[in-house]
Structures are given as C-alpha cells and as structure tokens.
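Chemist: Protein sequence lines correspond, in order, to chains A and B. Under numbering that gives the first Met the number 0, think of the first position of the first sequence as 0, with each following residue one higher. Under numbering that gives the first Met the number 0, think of the first position of the second sequence as 0, with each following residue one higher.
Heads up, a few of these hints could be off.
Examples of chain B residues lying across from chain A (beta carbon under 10 Å, computed) [as the list claims (entries may be wrong)]: (1) Thr36; (2) Glu89; (3) Thr173; (4) Gly174; (5) Tyr196; (6) Phe211; (7) Gly268; (8) Arg329.
Note that these hints are calculated values from the structure, not bench results. The model shown is predicted, which means the values in this text are computed figures rather than measured ones. In this text, a Cβ means the ideal position worked out from N, Cα and C, and glycines have one as well.
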Amino acid sequence: MHLLEVNNVTKRFGGITALKNVSLYIDSGEKIAIIGPNGSGKTTLFNVINGVYIPEDGRIIYMGRDITKLSAHERAKLGIARAFQITRPFPGLSVRENVMIGALFGTLSEKINTREALKIADEMLKLVGLYNKRDELAIKLTGPERKLLELARALAMKPKILLLDEIVAGMPPAKVDEIVDLVKNVAERENIAVGVMVEHVIRAVIRFAERVYVLDRGEIVLSGKVEDVMRNPKLREIYLGTRFKGGV
Amino acid sequence: MIKGKIIDHTSLIIMIFSYIIIWMLKTSFPEYSQMLTLLLYYIAIAQAYNIFLGMTGYVDFGYVSYFGLGLYGMALGVSYASQNNLSSSEAIILGMILSVILAGSVAGVVGGIALRLRGAFFAIATIGLSQALRYLIEGAKIWGGAEGIIIAKDLRKLFGEEGFSYATIILPDTGIFILAVATGIIMYLIRISRLGYGLLAIKEDEDAAKVFGVNTTLYKFVAFIISAVLTSLVGSMWTLKVTAIYPPESFNITFSVEFIVIVMLGGGGTVLGPLIGASIYSLSKYYLGVYLPGLQLTVFSIILLLIVLLFRQGIVGELRSFLYKHEIVRKIIR
Ligand SMILES: Nc1ncnc2c1ncn2[C@@H]1O[C@H](COP(=O)(O)OP(=O)(O)O)[C@@H](O)[C@H]1O
Ligand SMILES: [Mg+2]
Numbered sequence: 000m001h002l003l004e005v006n007n008v009t010k011r012f013g014g015i016t017a018l019k020n021v022s023l024y025i026d027s028g029e030k031i032a033i034i035g036p037n038g039s040g041k042t043t044l045f046n047v048i049n050g051v052y053i054p055e056d057g058r059i060i061y062m063g064r065d066i067t068k069l070s071a072h073e074r075a076k077l078g079i080a081r082a083f084q085i086t087r088p089f090p091g092l093s094v095r096e097n098v099m100i101g102a103l104f105g106t107l108s109e110k111i112n113t114r115e116a117l118k119i120a121d122e123m124l125k126l127v128g129l130y131n132k133r134d135e136l137a138i139k140l141t142g143p144e145r146k147l148l149e150l151a152r153a154l155a156m157k158p159k160i161l162l163l164d165e166i167v168a169g170m171p172p173a174k175v176d177e178i179v180d181l182v183k184n185v186a187e188r189e190n191i192a193v194g195v196m197v198e199h200v201i202r203a204v205i206r207f208a209e210r211v212y213v214l215d216r217g218e219i220v221l222s223g224k225v226e227d228v229m230r231n232p233k234l235r236e237i238y239l240g241t242r243f244k245g246g247v
Numbered sequence: 000m001i002k003g004k005i006i007d008h009t010s011l012i013i014m015i016f017s018y019i020i021i022w023m024l025k026t027s028f029p030e031y032s033q034m035l036t037l038l039l040y041y042i043a044i045a046q047a048y049n050i051f052l053g054m055t056g057y058v059d060f061g062y063v064s065y066f067g068l069g070l071y072g073m074a075l076g077v078s079y080a081s082q083n084n085l086s087s088s089e090a091i092i093l094g095m096i097l098s099v100i101l102a103g104s105v106a107g108v109v110g111g112i113a114l115r116l117r118g119a120f121f122a123i124a125t126i127g128l129s130q131a132l133r134y135l136i137e138g139a140k141i142w143g144g145a146e147g148i149i150i151a152k153d154l155r156k157l158f159g160e161e162g163f164s165y166a167t168i169i170l171p172d173t174g175i176f177i178l179a180v181a182t183g184i185i186m187y188l189i190r191i192s193r194l195g196y197g198l199l200a201i202k203e204d205e206d207a208a209k210v211f212g213v214n215t216t217l218y219k220f221v222a223f224i225i226s227a228v229l230t231s232l233v234g235s236m237w238t239l240k241v242t243a244i245y246p247p248e249s250f251n252i253t254f255s256v257e258f259i260v261i262v263m264l265g266g267g268g269t270v271l272g273p274l275i276g277a278s279i280y281s282l283s284k285y286y287l288g289v290y291l292p293g294l295q296l297t298v299f300s301i302i303l304l305l306i307v308l309l310f311r312q313g314i315v316g317e318l319r320s321f322l323y324k325h326e327i328v329r330k331i332i333r
C-alpha cells in the first residue's frame with residue numbers, strides 16, 4: 000500500500016483545467032520531485048492533496064483512507080504538512096510562536112502541551128538555522144528566512160509527508176545544497192516522505208528525489224526514475240518555448 | 000496550568016494588582032465610587048470581548064445582545080424567584096443561570112451560522128441582531144414587552160428593606176469586580192494555551208491556520224461562546240444595579256461600538272489591553288461629559304480613526320511590537 004495515492008484527479012477553476020486526470024503516488028519515506036513550467040498546476044496539486052481545494056473528480060487516498068473531502072485541518076493532524084510557495088508566516092507572532100503552532104496542531108497535537116511544543120519549536124529552529132531569530136516577529140524576516148520558517152513550521156508538525164512548494168526558489172546554489180541536505184537528513188531520520196515542487200530543473204533538487212513526475216498544462220506527461228526522465232528528449236520540448244531558465 | 004517562572008506571568012500579576020487597586024480606590028474614595036465601578040464594568044466586558052474580538056480579529060456588532068440577554072436573564076430570575084417565594088440567593092443564582100442559558104444559546108445559533116462568514120461579512124451579518132432582539136421583545140410582548148422589567152419591588156421582597164442597598168450596590172459591585180478578575184484570568188489562560196495559539200493563528204491568517212491543523216470553525220465557536228457567556232454575567236450584575244431594564248437600552252448597538260473601541264484602543268488579544276483601553280475610554284468619557292458635553296461623539300470618532308490609521312494593534316499591542324526585542328518587555332507587556 001502506498002502512503003499517498005492521487006487517482007485521476009481533475010481540478011478546474013472556471014474555464015481553466017488546472018489538473019487533468021492526474022495520478023501519482025508516494026511511498027512512506029520516499030522522496031519525489033514534481034517539476035513543470037510555471038502555471039502547469041504544481042501548487043494546485045498540493046492544494047488538493049492537503050485540502051485547500053476539493054477536486055471535481057478523482058480520489059485522494061492516504062494510508063488506505065479516502066481523504067478527498069476531508070478538511071485541511073484534519074489532514075494536517077493525519078500527517079500531511081506543507082510549506083507554501085508564497086510564504087505565509089503569522090506576521091504578528093514571533094518566529095518561535097509560528098513554529099510552536101505547527102507543533103501544537105500537527106500530528107502530536109493533543110499529546111503535547113505548549114511547553115513541549117516550545118521545545119520542539121526550538122529544535123526545529125536550530126535545525127534550519129533560525130534559532131537566533133526566534134524572538135523576532137515573523138514579519139521582520141527576509142524572504143529566504145521566511146522560506147526557512149515555512150520549513151521549520153512544517154517539520155514541527157512531525158508529518159508523515161512533507162510537501163515543499165518552491166522551497167529553494169531564488170536561493171543561491173550553495174544555499175540550495177544546504178537546504179536539500181537538511182531536508183534529506185531530517186526526512187531520513189524521521190521517515191518522512193517528501194514531495195518537492197520546482198519550476199526550474201534544479202539539479203540538486205532533482206537528484207535529491209528518487210522519482211520524478213513532470214507536469215505540463217495540468218497533465219502528468221512524464222514520470223519515472225530521475226536519470227530516465229532527465230534523458231528523455233520530451234523534457235526539453237516541454238521546457239523549450241516556455242520560461243526555461245534552469246539547466247538540465 | 001500555570002507553570003514556569005513567576006516572571007513569565009508578570010502581565011497576569013500586573014493585571015490582577017491593577018484591578019485590586021481600582022477596587023481599593025473605589026472603597027476608599029466614595030466620591031469616585033460610581034466612576035470606578037463603571038471602569039470595572041468596562042474592564043470586565045472588554046476582557047470578555049477580547050477573548051473573541053481580540054483573539055480572532057472578528058468584529059461583532061451584535062455583541063451588546065449578550066450583555067442585554069444577561070440583563071434580562073437576571074431580571075427574569077429575580078421576578079420568578081419573588082413570585083415563587085424563593086430565597087434571595089436562589090434568586091441570584093437562578094438569574095445568573097438564566098443569563099448564561101439565554102446568551103449561550105443565542106450565541107450558539109448566531110455563531111453556528113455567522114461564523115461561517117469571513118471578516119467584514121461576519122461583521123455585517125451581526126449588525127441586525129440587537130435590533131432584532133429588541134423588536135422581538137417589544138413586538139411579541141414577551142418579557143414585559145416595551146414596558147421592560149422593573150425588579151426593585153422584587154428585590155425589596157427578596158432581600159428585605161434593609162438588604163436593598165446590599166442587593167443593588169454591594170452585591171453587584173462585588174460581582175462585577177470578581178467577574179473582571181475572573182475574566183482577566185480566563186483570558187490569560189486562553190492566551191497561553193493551545194486554544195489561544197489557535198485563535199491567534201486564525202487572526203493572523205485563517206487559511207494558513209487550517210493548513211497547519213487548526214480546526215478554525217470549532218475554535219472560533221468556542222471563543223465566541225465563552226466571550227458571550229462572560230459578558231452576559233456582567234449584564235446579570237448590572238441589572239441588580241439599575242433595577243429596571245428596557246429593550247432599547249438593553250440592545251443598543253452604540254454599546255457594541257463602545258466595547259469595540261475599548262478593546263481596539265487597548266490592544267486586541269493582549270492581556271493588559273482591556274485595562275488600558277477601558278481606563279482611557281471611561282475616564283475621557285466621564286470628563287468629556289463634564290467639560291465638552293456634546294463633543295463626546297466627535298472625540299470618539301477621532302480616537303477610532305487614529306486607532307485604525309496609526310496604531311492598529313492598539314496601545315498595548317503597538318508598544319509590545321515596538322519593544323519586542325527586549326525579553327523583559329515581552330513578559331511584562333502582553
Ligand atoms: N485560485 C485560483 N483561481 C483561478 N485559477 C487558478 C487558481 N489557482 C491556480 N489557478 C490556475 O491554475 C493553473 C495552475 O496554477 P498553479 O497550480 O499555481 O501552477 P504552478 O504552481 O505549477 O505554477 C494556472 O493557470 C493558474 O492560473
Ligand atoms: Mg506554484
């Protein structure tokens with residue numbers, strides 16, 4: 000049984016079909032990448048997986064259970080965590096409180112009190128390197144720091160699956176490598192399945208994944224092992240003529 | 000529930016001490032007694048409203064309704080007790096229970112429906128509530144209809160002639176003081192608990208809160224009910240003070256606005272905000288009434304405008320944000 004299965008999911012916005020019959024799966028502790036040009040439906044795919052949108056068609060099965068219509072907060076409690084592409088810190092709360100909220104309402108939820116949540120928050124902040132900013136208001140953080148806060152908050156939920164939407168976008172290569180290693184280490188230690196979404200074909204990110212799905216205009220057009228997908232000439236076609244900025 | 004170093008709870012201690020000082024001033028200086036009772040009344044209601052408005056950011060223009068239902072609960076309890084020869088303490092307890100039931104059930108229905116709406120839409124949906132209750136009582140001629148309920152006679156019968164000033168001054172004033180302290184403690188405990196973090200997350204970004212596991216619908220509802228019930232208890236005490244209640248005064252939307260101004264002026268979601276907001280508001284209202292009668296409303300409009308334009312987090316909130324990097328300040332100003 001797969002940890003998560005997306006079966007023939009279709010999601011429309013008015014006339015736009017953002018996802019067309021999308022199917023994919025991810026196993027427990029597995030790392031996958033979903034790549035595709037801007038507007039291909041990556042963020043929407045995350046949104047139907049974690050319950051922000053309910054798809055018009057298809058089913059989402061998580062740990063053998065149909066969660067297609069389950070609300071977002073219940074999915075969070077079951078272990079589906081995400082970091083937003085457009086970061087969404089709770090601006091008026093401290094960095095620490097932001098991460099605490101992840102711990103308080105994630106899979107541990109009722110099992111821990113605020114004191115224990117604070118401890119988890121501090122651990123996560125040390126992990127991503129934001130510990131010395133813990134008492135800043137989240138609104139004071141820089142763009143890249145906010146990305147790290149998203150990651151810390153999602154990890155504090157102690158998830159079974161972590162969805163990272165453009166987590167390294169706009170970061171210098173050295174920083175990309177650092178974050179990729181960090182996510183890899185935590186994921187392996189805590190057996191978290193990771194799905195990363197990237198627009199550009201960032202080598203480090205692709206190499207991090209065991210399998211890749213390529214999304215184009217709402218459809219999965221390629222999938223398989225990283226090396227196979229990277230060698231497929233179709234990949235170039237998809238990116239040619241679009242905003243191909245990365246390097247294969 | 001409260002653990003850790005005392006210093007972590009400085010704001011709670013400051014709050015309780017301030018209330019006790021106000022209470023002691025009130026008993027020491029009879030000439031200011033009325034004004035200080037009014038202050039404690041504003042503090043208690045602002046602290047209760049803070050649990051909903053301050054913590055979630057949802058503005059409820061119908062909030063006076065829960066105060067009004069509290070007024071009616073006590074009036075109904077006292078008249079029933081007097082007609083059925085119950086004791087004076089039974090009368091008060093019955094009145095408080097009725098207040099809680101009335102406010103709690105109306106809040107349950109309103110919250111269950113209106114809390115599905117976001118922000119401004121919720122505010123608009125609640126505007127008509129107090130008027131609706133007023134016209135329901137007047138139109139359907141229930142609970143004394145437009146004539147209201149006068150309980151002075153009932154109180155004399157229940158408490159005796161010599162107990163009348165106890166029933167209408169000492170009892171309600173003490174009750175309001177206890178409620179101010181209790182509501183402050185409840186607000187504080189909520190602020191530092193899971194519920195409080197969930198509510199603040201809702202206020203900051205409701206959709207993100209959901210994604211991070213907050214059952215937003217449930218949390219808003221719980222805060223709404225707690226807030227309404229506490230305010231109704233303040234109302235129940237107020238009935239004993241005024242001894243006569245009428246629909247237009249009990250369900251006057253101006254009071255909703257007044258409560259909103261106090262909470263926002265002090266700082267929504269802060270523990271000390273209601274103390275600061277209520278103090279500034281009630282003192283300026285009192286002195287403006289004396290020195291600039293007629294200009295009160297203009298001055299308050301200006302205050303409200305200043306809050307919205309310059310310090311959205313209120314006095315305590317802005318101060319806290321401004322001095323946030325100092326650990327000691329974070330603990331004291333909350
Ligand atoms: N809330 C929405 N309302 C309308 N259209 C949307 C909404 N969200 C996404 N879309 C559309 O769906 C398509 C896929 O968008 P998105 O999932 O954000 O792509 P990606 O993350 O791959 O860049 C785009 O055409 C986008 O305009
Ligand atoms: Mg996207």
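Chemist: Evaluate each hint against the coordinates.
Modeler: These are the hints, each one checked on the structure:
A hinted interface residue such as Thr36(B) counts as satisfied when its beta carbon comes closer than 10 Å to some beta carbon of chain A; here the least separation is about 34 Å, so the hint is violated. Annotation: Glu89(B) was flagged as interfacial toward chain A, and the flag is violated, the nearest CB pair being 40 Å apart, outside 10 Å. Given hint, Thr173(B) at the interface with chain A, is violated; its Cβ is 33 Å from that chain's nearest Cβ, farther than 10 Å. Because the closest C-beta pair between Gly174(B) and chain A is about 32 Å apart, greater than 10 Å, the hint is violated.
The interface hint given for Tyr196(B) holds, since its Cβ lies 5 Å from the closest Cβ of chain A, which is under the 10 Å cut-off. Hint status for Phe211(B) relative to chain A: holds, with the closest Cβ pair at about 6 Å, below 10 Å. The interface hint given for Gly268(B) is met, as the beta carbon of that residue sits about 9 Å from the closest beta carbon of chain A, less than 10 Å. Annotation: interface hint on Arg329(B) holds; nearest CB of chain A at approximately 7 Å, less than 10 Å.
The earlier numbered hints that this structure contradicts are 1, 2, 3, 4.
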